[in-house]
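Student: Letter by letter, the chains look like this.
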Amino acid sequence: MFLAKVTGSVVSTQKVQQMVGQKLLVVEPLRVDEKNKKSLKGTGRTFICVDTVGAGEGETVLIVQGSSARFTEDTKTLPIDAAIIGIIDSVDSHGNTVFKGTN
Amino acid sequence: MFLAKVTGSVVSTQKVQQMVGQKLLVVEPLRVDEKNKKSLKGTGRTFICVDTVGAGEGETVLIVQGSSARFTEDTKTLPIDAAIIGIIDSVDSHGNTVFKGTN
Amino acid sequence: MFLAKVTGSVVSTQKVQQMVGQKLLVVEPLRVDEKNKKSLKGTGRTFICVDTVGAGEGETVLIVQGSSARFTEDTKTLPIDAAIIGIIDSVDSHGNTVFKGTN
Amino acid sequence: MFLAKVTGSVVSTQKVQQMVGQKLLVVEPLRVDEKNKKSLKGTGRTFICVDTVGAGEGETVLIVQGSSARFTEDTKTLPIDAAIIGIIDSVDSHGNTVFKGTN
Amino acid sequence: MFLAKVTGSVVSTQKVQQMVGQKLLVVEPLRVDEKNKKSLKGTGRTFICVDTVGAGEGETVLIVQGSSARFTEDTKTLPIDAAIIGIIDSVDSHGNTVFKGTN
Chain A
1 MFLAKVTGSV VSTQKVQQMV GQKLLVVEPL RVDEKNKKSL KGTGRTFICV DTVGAGEGET
61 VLIVQGSSAR FTEDTKTLPI DAAIIGIIDS VDSHGNTVFK GTN
Chain B
104 MFLAKVTGSV VSTQKVQQMV GQKLLVVEPL RVDEKNKKSL KGTGRTFICV DTVGAGEGET
164 VLIVQGSSAR FTEDTKTLPI DAAIIGIIDS VDSHGNTVFK GTN
Chain C
207 MFLAKVTGSV VSTQKVQQMV GQKLLVVEPL RVDEKNKKSL KGTGRTFICV DTVGAGEGET
267 VLIVQGSSAR FTEDTKTLPI DAAIIGIIDS VDSHGNTVFK GTN
Chain D
310 MFLAKVTGSV VSTQKVQQMV GQKLLVVEPL RVDEKNKKSL KGTGRTFICV DTVGAGEGET
370 VLIVQGSSAR FTEDTKTLPI DAAIIGIIDS VDSHGNTVFK GTN
Chain E
413 MFLAKVTGSV VSTQKVQQMV GQKLLVVEPL RVDEKNKKSL KGTGRTFICV DTVGAGEGET
473 VLIVQGSSAR FTEDTKTLPI DAAIIGIIDS VDSHGNTVFK GTN
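Residue numbers (the working numbering), protein chains in the order written: chain A, 1 to 103; chain B, 104 to 206; chain C, 207 to 309; chain D, 310 to 412; chain E, 413 to 515.
Bound-form chain A, shown alone:
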């Protein structure tokens, strides 16, 4: 899995039947900053994910990719390869708190 920040959303009216009613979010994968090891930084890549946990823009989330994105109760029949499966409270790495949510 990987960490990502929700940066926005996608509107698609014309889509396969199974995807009707699914919220599609834009996310940017994150990594631990290689230089200071003290924060997460964006990778510049863009993925589109189905949301299963009520994530909102600006939140840091956990993404599962591939066939496993179909292994939640809400996604098992969907033609998707990426799903948000958790909202992140905090991330510790290299002895530092590299991310802490505002909740």
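No wet-lab data here; the hints were simulated from the structure.
Please note that the accuracy of each hint is not assured.
As the list claims (entries may be wrong) - Think about it this way: if two alpha-carbon atoms lie no more than 25 Å apart in a straight line, the pair counts; the simulated SDA-like pairs of lysine to any residue are: (1) Lys282(C) with Glu176(B); (2) Lys76(A) with Gly330(D); (3) Lys447(E) with Asn242(C); (4) Lys447(E) with Gly466(E); (5) Lys229(C) with Lys282(C); (6) Lys435(E) with Phe459(E); (7) Lys314(D) with Pro29(A); (8) Lys346(D) with Gly468(E).
Predicted, not measured: the structure shown is a model, and the values here were computed from it.
Let chain A serve as the given structure and place chains B, C, D and E on it in line with the hints.
Tutor: Coordinates of chains B, C, D and E only, in the frame set by chain A:
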């Protein structure tokens, strides 16, 4: 999933039986422009996809990869690893409308 | 899926039983040239594929990756992650014919 | 599979039901140093994994990705694409011991 | 699939039950040298694979990735994403013999 622009199409006469009659489109993956965060830009990569939604050249689409590309009604028996599952109306990211279709 | 050029072949005598008799081809993935958008160019990467359509060296082909490589009649029991599923006649992109076979 | 170092952990309260109680570790993939071929070095990438073997921070581990991450007794129903399946004692490469644990 | 050179091995005592007794090899993926097209060269990447064919250090092998790594007789229940499925005798590409084993 990822966003992509349909840039063209492929003709293949000699192919596996299951693929006969399938429209094969050329797509270029897109990402949110890292600099201005105000538009989508091409990544320069080239994928070939089966189309399930009647997408046409120039349109911005949603692509699913991997085994999940076989999870639509039209593609379940096909030996494919990428399918277009939606036509994009608009994309919002970083507080900007980074894409808006002309329909 | 992706486009690739068949550049050669592999000989392997000692291999898993299921692969006995399978032709193994060397391919180089192709992409639309980002500069002129008028031709395909090699990516420099090297993949090994099973051939299901009688492709020969020098031909441009369509490759499927991952579990879907096992979804053709000839490959369903093979431990493979890439198969040639079509020989390409022509590719159009950005309004140009970026590839045309000699047949 | 790939080698990685456990660098930290993730806390996520709001997540899909199946993931409740699963320890989520932050790992950095490693490779054999191309220059000296005498040590492992970090790649700077960040993955989140489920742990099945009781790995701790600072340990070097073996990671499996994709659908196979669901092929252990503990992970078979989880929506995950990466799991730690072993703790590494030592790695030999190019005639050198490139890693040796402290146990 | 891809070509790789076996560069070493991994020792892991503490691992998931299914992996007990499995030989874990370190491999470096290879590609056809883009410059001279006359040899294979290393990519600098490091993968860990299960061996199904008795490969030894220094040998050039064929690797299958993903769920298909579980499609050999010896690996079908293993939580693995990469397996060696053949030992390479020779590779021809661009009209050159880019690799020839010593057997």
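Student: Please name the hints from earlier in the document that this structure breaks, with their numbers sorted from lowest to highest.
Tutor: Violated hint (a single one): 4; every other hint is consistent with the structure.
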